[in-house]
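Let the hints inform the model, and build the full structure from the sequences given.
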Amino acid sequence: MTQPLLSVENLRTYFHDETAVARSVDGVSFVVNAGETLGIVGESGCGKSVTALSILRLVQAPGRIEAGSRILFEGKDLVTLDDAGMRAIRGNRISMIFQEPMSALNPVFSVGDQVAEVARVHGTGSRKDAWNRAVEMLTLTGIPSPAERAKQYPHQLSGGMRQRVLIAMALIMNPALVIADEPTTALDVTIQAQILELLVDLRNRFGTSILMITHDLGVIAETATRVLVMYGGEIVEEAPVETLFESAHHPYTEGLMNAMPQITESRERLNVIPGTVPPPTAWPSGCRFRDRCPYSWEKCADEHPPLYQIAEGHTSRCHLAVEPERRAHPHLPLVEQIGATL
Amino acid sequence: MNADAPLFFATAARTGKKWLERDRSMVFAAILLAVIAIPCFLAPITAPYDPYELHNMVLLSDAPPSLLYPLGTDHYSRDVLSRLLYGGRLSLSIAVFATLVSVTVGTAYGAITGYAGGIVSAILERILDTLLAIPRLLLLIAIFAAWRELPIKAFVVILGLTGWYGLARLVRGQVLALKAQDFVASASALGATRTRILIRHILPNVVTPVVVAATLGVGHVILLEAGLSWLGVGIPVPEPSWGNMIQDGSQSPILSHWWIGFFPGLAIVLTVMAFNVLGDGLLRALSPRQSNK
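Taken in order, these protein sequences are the chains called A and B. Residue numbers for the first sequence follow my numbering, so the first one is 68 and each next one is one higher. Residue numbers for the second sequence follow my numbering, so the first one is 184 and each next one is one higher.
No lab work stands behind these hints: they were computed from the structure. Be a bit skeptical, because a hint or two may be false.
Incomplete in silico selection of chain B near chain A, CB under 8 Å [stated by the list, open to error]:
no.	residue
1	F280
2	S304
3	E308
4	A360
5	K362
6	Q364
7	A368
8	S369
9	S371
10	A372
11	L373
12	A375
13	P387
Under the rule of at most 25 Å between Cα atoms (straight-line distance), these lysine to aspartate or glutamate pairs were calculated in the DMTMM-like manner [what the hints assert, rightly or not]:
no.	chain 1	residue 1	chain 2	residue 2
14	B	K362	A	E249
15	A	K218	B	D365
16	B	K362	A	D196
17	A	K218	A	D196
18	A	K143	A	E76
19	B	K200	B	D463
20	B	K362	A	D150
If you anchor each label on the Cβ, the simulated ranges turn out as follows [what the hints assert, rightly or not]:
no.	chain 1	residue 1	chain 2	residue 2	range
21	A	G342	B	T376	40 to 46 Å
22	A	G102	B	T376	26 to 32 Å
23	A	S225	B	T378	32 to 38 Å
The C-beta atom is built at its ideal place from N, Cα and C for all residues, glycine as well.
As structure tokens, then:
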């Protein structure tokens with residue numbers, strides 16, 4: 068296999084305050100290959116956004132990337148790169164699309180200016196060139212009458228349009244990697260589909276890799292080639308997208324799948340995973356999911372599960388990999404049992 | 184910022200017209216200000232006499248308004264109208280330039296305080312707290328009483344340098360709020376330096392409150408200059424300013440020689456009121472939710 072585009076090795080991003088350390092990202096390793104879309108999926112608080120911000124080194128104090136973490140990109144370790152080197156990468160080689168298309172745009176500048184600004188920050192050509200390239204990018208993102216739209220201000224554009232502007236900003240320098248942090252969460256479903264289609268189309272056209280961060284398995288299914296499932300600051304399962312949907316191994320992934328409403332079945336209530344993500348200041352010992360898991364047993368409390376190899380390209384952080392027969396006997400998760408005795 | 188300047192001006196003119204249609208009090212204030220300020224700034228043309236000329240110390244001392252001297256003459260037989268126009272030019276210029284000094288220093292200080300963070304911000308904030316605790320009027324009286332023969336430029340700079348604390352606080356608050364906005368995170372994710380983010384992305388969003396504060400500030404400085412001149416520590420006589428003209432007026436019996444102090448007083452009241460109304464109107468007009476609708 069060729070050299071991966073991005074290789075994250077044992078990334079740990081901790082937030083320190085006087086009393087506690089929040090281990091938001093706790094030993095995450097993965098690679099992104101050229102031209103692929105890697106999805107990262109998980110609940111709020113699982114560490115997926117902090118992982119994304121860590122790659123661009125945008126984690127704000129008191130958060131910091133701990134020593135021993137490595138983020139290798141185009142032959143450089145981004146963890147130790149100097150600020151100027153990092154700025155030359157941001158927006159140029161790796162860029163980011165934010166979740167809220169309204170607040171991610173500056174209200175006092177026209178959208179064309181904001182797209183052109185990225186080109187000007189990275190110092191290519193004149194003001195006029197930057198403007199022309201911005202209009203070109205707006206055209207590529209499917210904004211109708213881009214030359215006129217470029218002169219308008221964010222509040223004059225619809226949510227879907229604004230998201231297209233953000234995509235134009237992210238892609239104007241033709242980066243190798245785009246990190247999309249919940250790019251469609253703030254949009255309604257029909258616009259969501261259009262934006263996802265646009266991202267896939269632009270990826271195919273420019274060969275850009277995408278790191279798609281979302282809590283929505285539907286988004287993953289439509290865009291990703293490979294998926295990482297995160298829970299408790301760790302990767303709990305990694306698999307090609309088809310494998311994940313056909314034969315998810317980790318009970319958490321299984322829970323996420325079951326929580327997706329199916330159009331073919333009529334249910335009175337949606338399935339949910341009981342309980343919530345534990346606070347990152349106090350991850351449980353052993354398996355971090357065990358209190359919410361319908362299969363957990365003593366071993367899960369005693370031993371932190373490693374990433375077991377399930378198949379080629381498919382790993383899972385669950386002891387069920389060595390005792391698969393236990394899957395046949397689910398029980399009430401611990402959080403439910405406690406609730407019942409109270 | 185792009186090449187389309189004519190469009191920009193056309194849009195600006197159109198929105199300007201819309202404000203005026205929506206906000207009659209602002210039109211009134213703007214017209215009032217123009218009526219007062221334009222003749223003052225054209226004083227060498229509009230004033231009927233030399234403001235220093237003593238017309239006739241014996242016959243024309245404290246002469247009431249007449250056809251020859253429309254606003255009367257003062258104790259030294261100088262024409263009140265001419266002095267009012269020249270005095271207005273000086274008072275307005277002082278107010279505008281002192282406010283410019285305040286706005287520049289205050290915006291820069293507030294922006295750095297809000298944006299830097301950490302120990303730098305902490306130190307700058309404590310300095311600001313200390314400065315805010317000094318009574319401005321007493322400080323100015325002390326400085327100007329001690330420094331005789333003060334050049335007017337120094338007077339303006341000192342007024343400006345003692346008037347920026349409130350604005351710095353305002354800007355600091357705005358910058359703190361803007362710093363947490365997604366578009367700032369986005370700009371840094373796209374590779375902008377910290378300085379560029381502050382100047383290109385944050386400060387343009389602070390322009391509205393600064394313009395409003397500056398407008399109100401001009402009115403405030405006019406009052407301050409008048410107060411200082413009246414106390415005899417402002418613009419030294421015989422240079423006319425609205426403040427020391429009132430001071431002149433209070434040297435003659437006020438009720439029988441009312442015109443000497445009344446007209447500069449009226450000019451001050453109308454001008455300051457106009458600036459206040461204009462400031463309020465600008466605040467309404469420049470609020471992002473209201474414009475471009």
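Problem set entry | When the least beta-carbon distance from B/F280 to chain A is tested against 8 Å, hint result | Constraint on B/F280 not satisfied, violated at 27 Å.
Problem set entry | Holds or violated: B/K200 to B/D463, with C-alpha atoms at most 25 Å apart | This hinted pair holds, its Cα atoms lying about 17 Å apart.
Exercise. Does B/S371 pass the interface hint, meaning its C-beta sits closer than 8 Å to a C-beta of chain A?
Worked result: This interface hint holds because 6 Å falls under the 8 Å limit.
Problem set entry | Restraint check, 8 Å cut-off on beta carbons, for B/A368 near chain A | Status holds, d = 7 Å.
Exercise. So the hint says 26 to 32 Å: do the beta-carbon atoms of A/G102 and B/T376 match that?
Worked result: With a Cβ separation near 31 Å, A/G102 and B/T376 satisfy 26 to 32 Å, so the hint holds.
For this session: Measure nothing beyond the straight line between the CA atoms of B/K362 and A/D196; if it is 25 Å or shorter, mark the hint as holding.
Result: Violated: B/K362 and A/D196 sit about 29 Å apart, past 25 Å.
Exercise. Given B/A375 as an interface hint, is the shortest Cβ-Cβ distance to chain A below 8 Å?
Worked result: Since chain A brings a Cβ to about 5 Å from B/A375, closer than 8 Å, the hint holds.
Exercise. Given B/K362 was flagged as interface, is its beta-carbon under 8 Å from a beta-carbon of chain A?
Worked result: Hint on B/K362: violated, closest Cβ of chain A at ~10 Å, above 8 Å.
Problem set entry | Interface hint compliance - B/A360 to chain A, C-beta minimum distance less than 8 Å | violated (12 Å)
For this session: Go through the hint on B/L373 and say holds or violated, using the shortest Cβ distance to chain A against 8 Å.
Result: Given a least distance of 3 Å, the restraint on B/L373 holds.
Problem set entry | Distance restraint between A/K218 and B/D365, which requires alpha-carbon spacing of 25 Å or less | holds (21 Å)
Exercise. Holds or violated: B/S369 as interface residue toward chain A, Cβ cutoff 8 Å?
Worked result: Hint on B/S369: holds, closest Cβ of chain A at ~5 Å, below 8 Å.
Figure legend: structure checked against the earlier numbered hints; hints not met, in rising order: 1, 2, 3, 4, 5, 16.
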